[in-house]
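Q: Next come the chains, spelled out residue by residue.
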Amino acid sequence: MQLRDTPAQQRFREELRAWLRAVLPTLDRQPSQDDWPARRSYDSHWQALLHQAGYAGLNWPAEYGGRGATPTEHLIFLEESELAGAPYVGVNFVGLLHAGPTLIAEAGPEQRERHIPAILRGEEIWCQGFSEPDAGSDLAALRTRAVLDSDGEHYVVNGRKIWTSHAEVADFCELLVRTGPPDGPKHQGITWLIMPMDTPGLTLRPLKTAGGSTEFSEMILEDVRIPVANRVGNEGDGWRIAMVTFAFERGTGFVAEVVWARRRLLEIAALARENATWEDSEIRRRIARLAAEFDALWALVKRNVSEAEHSADGIPGPGSSVFKLRFSEARQHLDDLHAEVRGRDSLAFDDDLCTYDGEPGYERLRSLAYTIAAGTSQVQRNIIGERILGLPKEPKEPSAASAAKGDGR
Amino acid sequence: MDFRPTQDQLALAGAVRDVLGKHPAPGTPGQDGPEPGVGGVAGALWRDLAELGIFGVRVPEADGGLGLGHPESVHVFEELGRSLATGPFTATALAATLLPEYAAGRHRVGLGDLTGGAPQLLEHLDALDALLVIEIVDGETPGVAGHSQVLRVEPIELRADAVPHPVDPRVPLHRLRQKPLRGEIVGDAGTADALLREGALLTAAYQVGIAAVLTERAVAYAKQRTQFGRAIGSFQAVKHLCADMFARAELARAAVHSAAVQLADEAVGSDGADLPAAAAAVSAAKLLADDAAVANARAAIQVHGGMGCTWEMGLHFYLKRAWALSLAYGRAAEHADLISESL
Ligand SMILES: Cc1cc2nc3c(=O)[nH]c(=O)nc-3n(C[C@H](O)[C@H](O)[C@H](O)COP(=O)(O)OP(=O)(O)OC[C@H]3O[C@@H](n4cnc5c(N)ncnc54)[C@H](O)[C@@H]3O)c2cc1C
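Chains A and B supply the protein sequences, listed in that same order. Heads up: the first sequence begins at 1 in our numbering, then just goes up one per residue. Heads up: the second sequence begins at 1 in our numbering, then just goes up one per residue.
Simulated from the structure, these hints should not be mistaken for laboratory data. Quick caveat: nothing in here was measured; it's all calculated off a predicted structure. We treat Cβ as the ideally placed atom computed from N, Cα and C, and that holds for glycine. A few of these clues could be false.
[Unchecked claim] Pulled a few chain B residues facing chain A out of the computed Cβ check, cut under 8 Å:
(1) V163
(2) V167
(3) L173
(4) Q227
(5) F228
(6) Q236
(7) A237
(8) V238
(9) G305
(10) G306
(11) G308
(12) W311
(13) E312
(14) H316
(15) A324
[Stated by the list, open to error] Simulated coverage check for chain A against chain B, where a stretch passes if three residues somewhere in it have a Cβ under 8 Å from a Cβ of chain B:
(16) 137-144
(17) 197-210
(18) 359-373
Work the whole structure out from these sequences, hints included.
A: This is the structure in structure tokens:
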């Protein structure tokens, strides 16, 4: 058990630092939070730069354009980029952090060939079409129907998805559909499809968040025809594959944000010293406690990564729920603390509301979703209690027709 | 002792609730009300509430008020909070206790507390007919300099810039460029303290309203929304979120009512000997009510899941207001310090 870089890792870190120092000053200012086309081109440009320099898909296989590096090097990459203030994945979140890894783990060779390099080059944006109005935490209750067409080559899909982040700018969607009978066992009839976002029959209805951003949409699917060739894995095996997607989403999806949060904490401490709130011992202690929390979360990430690196399939384990639970809550405390230190300044957004990354009022509102998106805190606690600790499930209501089997999302 | 609200107090609250029900604020159920008018204030709502006399609750009847006390005021302000009524209600009611001409609610009065240093953000400035400013007196005059005083200022004489993006979109803000140069002195340090104390009490009552109505909304949603084939309120995790919300709101309301009664006893009473106790009670009420409103807004969002994070559902309006009010009339830390000094 040790935390030091190997000589190779040290070299990797130094090269990366030098590259970041050279390239970051060439970037434009981040576009405003609601200019989605501009955000897409900004994030894609950054991804293309990473790709040219050999830093895209660090731990993805070399045969698809990845670097084939170890998860540890990936972690070094996330750490150094964030410390240097490099752009975050942005609209590439789904593609890079969970759709891509899921495709690598589960898709066929042609599907990988088709999508992985394009995701790495920043040319393909993905979104996640899992949740439905009546299937949130109980994702397996999803009802969007996919019926095999008489041509035998297409699924015809009808239904409604909701909360689809970045749908407006996405090219493809990881879509969970029900191929089995509507009243069959709910975990069995689910299938994981790749849906091109320009397929006829798909309508988007943008939804506004509490922060005023149109970051997610409702998707209405009416006779959307999706080629059978776009199915990932077997028909009916979608629930298992979705669990793989979640493992990546929760396990590695928010890792870089720990570094961001730790950096933000130092800014808060600097501000507190400047405006004398630092003299309040309660403020000082809250800052200190959060420093301890984020450092421990970073250590937990290293532990999880080490375990994944030495596991057979490289997929993060249920320990990721511990990370998801504690990070999302610590993240909210961070934004509250920031507001406290800013005092009445926190009543207004930045006058020219120009950045979507880091404006404190906006971040505070955005962080409300952290304990809800990607599985609520209540559901994470259930997963920890039931799957890790083996505690019995809550007693079911005798009247409940459909039994709750398996995990929430 | 009978610490229950009286029939009259409940009737007053009911009358206010009826009027508010006719003017639903955006984000509250039945939210298609008209957009607020100048300076973020809905004129019709203001007029109807003025007609009920809510700005002169504590003003003697001889001066055109209702001649009631703090316990009645907090009932009114809890209702305003429940409906997320927007406007300079607190400041106008405070001004009326000082200058009875404001009791009828024909004018909108704001309040700027400039004793705490920058930044000076003023609410609803464009809607105001007058502004009370609490400031520290400059100069050398013994017994006055270095103490606070209350000024009445003409809003148009202020040099202030509109804030382009207030976090609470319903409450327009202006940033004051400099202290007002002119104003009529309408109160001394003692008046200033009394205004700030009563402002903290009314704000606490408003926060209780937020905390209580959000409890009801969360509970209703938890009963109606099903996942895993059952109402989400049947999961202990959700049930306990709701139970904690209820407990926070109840506790805060008890503290607010208790402070109102103590402040009322002091006011009618003798030489103000119990003022420190009443002041500490107000601080306790503000501290608990701020916590209840903010924590309940967060919990309500959590109970609503993805829905809670949408603009449409409107829960964010309550959270934004609760955040803003916890920075008005003393923050939790300041009130905690005040309480500790009384111990
Ligand atoms: C900003 C944001 C972005 C999102 N992006 C996407 C996306 O891109 N793609 C996508 O598919 N989805 C996305 N989601 C959806 C997200 O995954 C769901 O909101 C989440 O799973 C919760 O589902 P729900 O909203 O239906 O809430 P519900 O499941 O209805 O939950 C309501 C409340 O009940 C509680 N609850 C439910 N079941 C249980 C239980 N068994 N035990 C205890 N408590 C329970 C929950 O914790 C919550 O407090 C996003 C959500 C947000 C907020």
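Q: Of all the hints given earlier, name the ones this structure violates by number, lowest first.
A: The structure breaks none of the hints.
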